[in-house]
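Trainee: For the protein sequence lines, the chains are A and B, in the order given.
Under our numbering, the first residue of the first sequence carries the number 1, and numbering increases by one thereafter.
Under our numbering, the first residue of the second sequence carries the number 1, and numbering increases by one thereafter.
In case anyone wonders, no lab produced these hints; they're calculated from the structure.
All values derive from a computational prediction rather than experimental measurement.
By construction, the Cβ of each residue, glycine as well, lies at the ideal position given by its N, Cα and C atoms.
Any given hint could be a false lead.
[Stated by the list, open to error] Partial pick of chain B residues on the chain A-facing surface, computed with a CB cut under 10 Å:
1) Asn31
2) Thr61
3) Met77
[Stated by the list, open to error] List time: in silico DSS-like cross-link candidates among lysine-lysine, alpha-carbon distance up to 25 Å:
4) A/Lys222 x A/Lys55
5) A/Lys47 x A/Lys35
6) A/Lys198 x B/Lys27
7) A/Lys190 x B/Lys27
8) A/Lys35 x A/Lys198
9) B/Lys27 x A/Lys128
10) A/Lys56 x A/Lys190
11) A/Lys35 x B/Lys27
12) A/Lys83 x A/Lys113
13) B/Lys27 x A/Lys55
14) A/Lys198 x A/Lys213
15) A/Lys55 x A/Lys206
16) B/Lys27 x A/Lys124
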Amino acid sequence: MNKLLLFLGLFIGVLTNSFSQDFFRLKTDFTIKSKTLDGKQQLTVGKIYYDKNIKKLVFQIRFPERETWVQKDTSLYKIVDGKVVSRQSTPDVAGLTIYHLALNGDLADYGLKKSKMKIIDVEKDGNKIISTWSPPPELKESFGSILMLNVNQQLVGIVFKNPEGEVVSRQFFRNYLTIDGLSFPQELVKETIVDGVKYYEVTTYKNMIINEKDNSDKYDYKIP
Amino acid sequence: MKRVVFTLVTVFFMGASAFASNADLFKLDYNAVQQEFTELNVLADMVEANHDMTYSTLAVTDAGLVESMSLVPTAAMPLAGGDAVLGIPSFWWGCALGIVGVGVVYFLTDQDTEEAKKALWGCVAGSVAGVVLYFVLLAGVLGSAAATAG
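Generate the whole structure from the sequences, applying the supplied hints.
Mentor: In structure tokens:
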């Protein structure tokens with residue numbers, strides 16, 4: 001009897017494991033269209049390589065100019081013709097990006113569940129859920145609340161407010177596509193409100209490849 | 001009984017109204033957004049069709065287009081942007097991360113000097129707060145030492 005239970009336990013364990021997928025790599029083409037505050041237009045086209053285990057964000061940009069940007073730990077390198085032309089100190093933002101969140105299965109809550117933000121309200125209407133998140137007391141003077149809209153458990157929109165309760169930024173996640181089991185929005189619309197004027201940025205993704213076995217050197221780009 | 005029904009109906013409509021109010025925050029005029037980028041959509045198609053095209057080559061072959069579009073020669077960071085870097089106000093970057101935060105804001109907002117200034121004020125505020133805290137703690141320690149000695 002004990003042997004039978006052990007066998008059943010192992011069988012169920014193996015079965016469960018075989019159904020759960022581990023997403024660790026993502027490659028995609030991207031296009032960013034935006035307008036600056038002074039009315040100028042900006043177009044950025046390129047490819048992104050990201051491996052969540054390496055935690056190195058690699059952007060191979062081909063427009064406006066051919067250059068590679070690599071974000072690793074607290075540094076952001078700009079590389080042109082195989083040479084580092086600039087290095088900036090930054091916080092380690094890789095874990096906060098949409099790419100990392102999606103690979104980790106945390107995109108539905110924008111990673112807020114693992115942050116210091118606390119959920120304070122949930123409203124439900126059919127398959128739509130609006131949740132309100134509040135910053136911890138020590139950060140309330142600097143941060144406002146965040147509202148999230150999920151439809152069918154997918155993140156559709158997120159609204160950032162300032163401490164005064166005014167909306168300062170909104171993001172919309174559109175056209176979800178499931179690629180090899182990973183659900184990822186193909187379009188991201190960001191709206192920023194400055195002095196009552198709305199500015200937009202639209203990022204589109206295409207030709208996404210998940211868990212690519214080849215091109216490891218692209219994901220673990222060696223800084224020259 | 002009527003009161004109970006009335007209360008239930010009122011609570012239901014209040015809840016529905018609150019949802020509708022917050023739901024309005026997620027309304028987006030997508031057509032208006034697309035219209036904003038009519039010219040950039042055309043340029044994106046040109047770049048897609050010609051993989052060798054860069055800002056520099058376009059400025060030579062079609063300088064009029066570059067000028068009429070007021071095209072920026074630098075790239076945008078495909079992380080987050082706009083007024084609040086990663087959704088965090090510039091002031092807080094400076095306050096929490098000092099001069100590094102100023103650099104983050106300056107770089108990630110595409111060299112937006114106004115945002116960098118806000119972060120710089122945050123940096124100054126953070127430093128002042130640090131100095132004040134240092135002297136408060138020092139006074140406390142010295143006071144405690146004096147009391148023990150006395």
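Trainee: Does each hint fit the structure? Answer for all of them.
Mentor: To see whether the hints hold, each was checked on the structure:
1. Asn31: Check failed: Cβ of asparagine 31 of chain B comes no nearer than 12 Å to chain A, outside 10 Å.
2. Thr61: violated, 14 Å
3. Met77: For methionine 77 of chain B, the interface hint holds, since the closest Cβ of chain A sits about 7 Å away, which is under 10 Å.
4. A/Lys222 x A/Lys55: Holds. Lysine 222 of chain A to lysine 55 of chain A sits at ~13 Å (cutoff 25 Å).
5. A/Lys47 x A/Lys35: Cα-Cα ~21 Å, so holds.
6. A/Lys198 x B/Lys27: holds, 14 Å
7. A/Lys190 x B/Lys27: holds, 13 Å
8. A/Lys35 x A/Lys198: Holds, at about 10 Å.
9. B/Lys27 x A/Lys128: Between lysine 27 of chain B and lysine 128 of chain A the Cα gap is close to 13 Å, so the pair holds against 25 Å.
10. A/Lys56 x A/Lys190: Holds: lysine 56 of chain A and lysine 190 of chain A sit about 24 Å apart, inside 25 Å.
11. A/Lys35 x B/Lys27: holds, 21 Å
12. A/Lys83 x A/Lys113: The hint is violated at about 40 Å.
13. B/Lys27 x A/Lys55: This hinted pair is violated, its Cα atoms lying about 34 Å apart.
14. A/Lys198 x A/Lys213: Violated, because 42 Å separates the two Cα atoms, which is more than 25 Å.
15. A/Lys55 x A/Lys206: holds, 21 Å
16. B/Lys27 x A/Lys124: holds, 17 Å
Against the hints set out earlier in the document, violations occur for numbers 1, 2, 12, 13, 14.
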